[in-house]
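Asker: Letter by letter, the chains look like this.
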Amino acid sequence: MAPELAKPLPLRAPPPESRGIGHWRWGIPALVLLVPFLLWPLGAMIWRGIAPDGTLADDAIRAVVSDRYYWGRLWFTAWQAAVSTTLALMVGLPAAYVFAQVRFPGRRFLRAVITVPFVLPTLVVALAFQQLLGPNGWVNQLLREAGIGTISMIGTVWAILLAHVFYNVSIIVRLVSGVWANLDPQQGEAARTLGAGRIRAFTSVTLPALLPSIAAASALVFTFTFTSFGVVLILGGPGLDTLEVTIYRLATRLVQLPQAAVLSLVQLAATLTALVLYAALQRRSALTVRLRADHAKPLRATSWAERGMILVVAVVLAALILAPMAALVHGAFTRPDGSFTTHYFTSLFEDTGRTAYIAPLDAIRWSLTFAGGATAIALVVGAAAGMAIARGRGKASALLDGLLMLPLAVPAVVLGFGFIITFNAGWYDLRATPWLVLIAHALIAYPFVLRTVLAVTRSVNPHLPEAAAALGASPSRVWRYIELPITARAMLVGAVFAFAVSLGEFGATLVLRRQEFATMPIAIFESLGRPGADNLGRALAMATILMAVTVVAFMLIERFRYREVGEF
Amino acid sequence: MPMANSIRRLGALALAPFAALALLAACGDDENELRLLTHQSFDARSDVIERFEQEHGVTVTILQSGDANEMVNQALLNVGNPVADVLFGIDNLAFSRVAEAGVFESYASPRRSSIPADIRAQFGDSDLVTPIDYGYVNINMDASLEEPPPATFAELTEERWRGRLVVQDPTTSSPGLQFLVSTIAHFGEDGWQDYWRALRGNDVLVTDGWSDAYYTHFSLYGGDRPLVVSYTTSPAAEVFFGELEEPPTLNVIPDGVLFRQVEAAGVLAGSGRTELAQAFIDFMLSEAFQQQIPETMFVYPVIDTSTPDWWVWAHVDVTPATIEVTEEQIELWLAEWTQIMRR
Numbered sequence: 001m002a003p004e005l006a007k008p009l010p011l012r013a014p015p016p017e018s019r020g021i022g023h024w025r026w027g028i029p030a031l032v033l034l035v036p037f038l039l040w041p042l043g044a045m046i047w048r049g050i051a052p053d054g055t056l057a058d059d060a061i062r063a064v065v066s067d068r069y070y071w072g073r074l075w076f077t078a079w080q081a082a083v084s085t086t087l088a089l090m091v092g093l094p095a096a097y098v099f100a101q102v103r104f105p106g107r108r109f110l111r112a113v114i115t116v117p118f119v120l121p122t123l124v125v126a127l128a129f130q131q132l133l134g135p136n137g138w139v140n141q142l143l144r145e146a147g148i149g150t151i152s153m154i155g156t157v158w159a160i161l162l163a164h165v166f167y168n169v170s171i172i173v174r175l176v177s178g179v180w181a182n183l184d185p186q187q188g189e190a191a192r193t194l195g196a197g198r199i200r201a202f203t204s205v206t207l208p209a210l211l212p213s214i215a216a217a218s219a220l221v222f223t224f225t226f227t228s229f230g231v232v233l234i235l236g237g238p239g240l241d242t243l244e245v246t247i248y249r250l251a252t253r254l255v256q257l258p259q260a261a262v263l264s265l266v267q268l269a270a271t272l273t274a275l276v277l278y279a280a281l282q283r284r285s286a287l288t289v290r291l292r293a294d295h296a297k298p299l300r301a302t303s304w305a306e307r308g309m310i311l312v313v314a315v316v317l318a319a320l321i322l323a324p325m326a327a328l329v330h331g332a333f334t335r336p337d338g339s340f341t342t343h344y345f346t347s348l349f350e351d352t353g354r355t356a357y358i359a360p361l362d363a364i365r366w367s368l369t370f371a372g373g374a375t376a377i378a379l380v381v382g383a384a385a386g387m388a389i390a391r392g393r394g395k396a397s398a399l400l401d402g403l404l405m406l407p408l409a410v411p412a413v414v415l416g417f418g419f420i421i422t423f424n425a426g427w428y429d430l431r432a433t434p435w436l437v438l439i440a441h442a443l444i445a446y447p448f449v450l451r452t453v454l455a456v457t458r459s460v461n462p463h464l465p466e467a468a469a470a471l472g473a474s475p476s477r478v479w480r481y482i483e484l485p486i487t488a489r490a491m492l493v494g495a496v497f498a499f500a501v502s503l504g505e506f507g508a509t510l511v512l513r514r515q516e517f518a519t520m521p522i523a524i525f526e527s528l529g530r531p532g533a534d535n536l537g538r539a540l541a542m543a544t545i546l547m548a549v550t551v552v553a554f555m556l557i558e559r560f561r562y563r564e565v566g567e568f
Numbered sequence: 001m002p003m004a005n006s007i008r009r010l011g012a013l014a015l016a017p018f019a020a021l022a023l024l025a026a027c028g029d030d031e032n033e034l035r036l037l038t039h040q041s042f043d044a045r046s047d048v049i050e051r052f053e054q055e056h057g058v059t060v061t062i063l064q065s066g067d068a069n070e071m072v073n074q075a076l077l078n079v080g081n082p083v084a085d086v087l088f089g090i091d092n093l094a095f096s097r098v099a100e101a102g103v104f105e106s107y108a109s110p111r112r113s114s115i116p117a118d119i120r121a122q123f124g125d126s127d128l129v130t131p132i133d134y135g136y137v138n139i140n141m142d143a144s145l146e147e148p149p150p151a152t153f154a155e156l157t158e159e160r161w162r163g164r165l166v167v168q169d170p171t172t173s174s175p176g177l178q179f180l181v182s183t184i185a186h187f188g189e190d191g192w193q194d195y196w197r198a199l200r201g202n203d204v205l206v207t208d209g210w211s212d213a214y215y216t217h218f219s220l221y222g223g224d225r226p227l228v229v230s231y232t233t234s235p236a237a238e239v240f241f242g243e244l245e246e247p248p249t250l251n252v253i254p255d256g257v258l259f260r261q262v263e264a265a266g267v268l269a270g271s272g273r274t275e276l277a278q279a280f281i282d283f284m285l286s287e288a289f290q291q292q293i294p295e296t297m298f299v300y301p302v303i304d305t306s307t308p309d310w311w312v313w314a315h316v317d318v319t320p321a322t323i324e325v326t327e328e329q330i331e332l333w334l335a336e337w338t339q340i341m342r343r
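Protein sequence lines, in the order shown, are assigned to chains Z and L.
Take 1 as the starting number for the first sequence in my numbering and just add one per residue.
Take 1 as the starting number for the second sequence in my numbering and just add one per residue.
If you are wondering where the hints come from, they were derived from the structure by calculation, not from laboratory data.
Each statement offered as a hint is correct.
Listed next, the stretches of chain L that the computed footprint assigns to chain Z, with coverage defined by at least 3 CB atoms under 8 Å from CB atoms of chain Z:
1) 13–20
2) 38–50
3) 56–64
4) 74–85
5) 211–221
6) 238–250
All residues carry an ideal CB built from backbone N, CA and C; glycine is no exception.
Model the full assembly from the supplied sequences, consistent with the hints where possible.
Answerer: So this is what it looks like as structure tokens:
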């Protein structure tokens, strides 16, 4: 062979103005959303709190900082978030394995169902747990018959932890199984042929590949449980207030705003710290892995050990998630005397002739409209933001990552006030419009898309786009044919949660509502605000409808696939 | 190309919600609109509202905040630049928060004199607001309990009622606050703290709001506590909604004296539709509106009017408590209560 041919041909350097992953331009949509709709209102409200007359309210600030009670709240908040996240991982990771590696009938349906808790208002969850764990609930009835005493959990920290797992285990399952299902099994098999035991192959090959998605899921669960509001408010008790609830109690009468503002800053700092740490973990753990199409094996091909695990996972999920929801649905079809009825459902459709009446079909329509709009915004903002920081190196990238997750760290009551004082004049008077509702939902939804996009994008071989560019593809072709398909799968997972968050109205407390665009959760609260078995029944019926709509929506979203480029 | 098609389809689907919302927002702001700012418990018969709409050639737009607290916050944060024309739902506990804040414009409705003087007195007879309805928060007892109900507040601290009462947090719940004020009126400024310490020692449960107290802890709905802080009209409401012969709950009025909550409406200053707002307040004092208050909001109308049959269960023998309430006092009470009950 001629000597000159033994040298490899130099690859063409990528075009100088690469519009690929890592370019700051991708961050613009996120800024457009964050600056006017989060940073400005929040800043204005916090400033108004700590400097009501233009000068810093030193006394109030000092009073908060020196009060040991508030430091206790910070400690408790962090502690319960850490424990909740750990518990969610303990339940979610085995479940993620089962969903990723085993194909069984109803897999997609079940995966949709375990995400449904996400959309349920806490009050409804409290009702569900009551049906299950209350003094006359199913569990205590069984225990009584068995001769064991009754258990009571409401008002204890266990109720809070349990509810957190109930809500958040689906985040772990979806984010982790999404990547796990597409890991190339050959690497693990190679390790086995080289002599590694099954566990060793798992810890040194599979686990590192999953670490970014585990970090991403944990970040979301930790942030959610750290800023937990409804669960703590309704299922908690004395001494169990998180920071977010404490801030709410201080701010709700507008009199202790300075204290609320100071605590808001504390919450922001604490959450941002945790987020930055997670971001660093996710970034540092990113390995280039080979992704393959879904290769889950059918049930009969599983080993006995796997079947044992599947059974445990099934039992835990059934008890933890399916049972409360089943209790809800049961309540919607049962009269107080125990007889079966469809009366609560049919009466939902009877116009009561009152202004507070919300027609179920209207509620469904508006819920879907807001959810669709919020998800669209979340996809654009979240995916773009993910592309902007995916290739980032250094601390700046982790810091930016944390900042972009800010909406989840912000105390809702303070942001809500911020909206009121900011969007109150002229063309930007959005106070009584549906746009603020949409924006509030989008703010809380896009971090999910961001996390999922980051988890996947970083796993992709960075040489792929470079190679495509070297072969002559223009930057837009590189994006469309290499980067978009890979990101698209992740966006799908993020989209499901964005949709769920909006259906569950997590931003609802921020804004004024008009009767004309009442949504399903609002209809539920309407019914629960008045006494009467019929009102309770109607609330449960509406909750059942919400759950059904959610399951259908999830399954439809997952049908969006880029078939031409193979299922990733 | 197939992928381009699915992107296009996706794009169209994604734009649909925005089109829907844009349409809604566009229909929103028109000249012939009366905006009512109220809380989540507001309700009225549609045909009665329609009569007002036809008479004045306007549409009534109802803007609902969360609870009454949030509604007052909306009013306070928007002073001079209100988001609505008329506000309904300000009560005599929250009035001192807004009295000096310039939230309302004075208006003395022609029918004002038909409102009993003692009710008007709950707002110092100020014509910044016009009383529309009133109510009492008391204790409801599960009627299936075969025991005599507690006759006094003090009895609730006895062993017999240990762990059998559920109340709401006064910082976040309107009935919770009203119940607290009733106890303060009874035990006095210096005695109520010990009373609540005794309640805490007697295993009282404090919930965030009325709904979770009533539907998850009250024994009528599967909970384990037969006493719940609720409204004197709740038994009647149970009859109405359940189409029952008699209520499943009893009204318990400890010591026969309760704090009376009066709800009022006011013209929001600076809205630019003052006359229309005033007309709406007149309308709320009209026979047609007052008459439908029991069946829609389950409170007592201020102006004497005929009431439905099942309303008989809401007739209670109560002496309204005499107690001066200002915003500063409420904040002090709430701070003390939080110290006693939450820490």
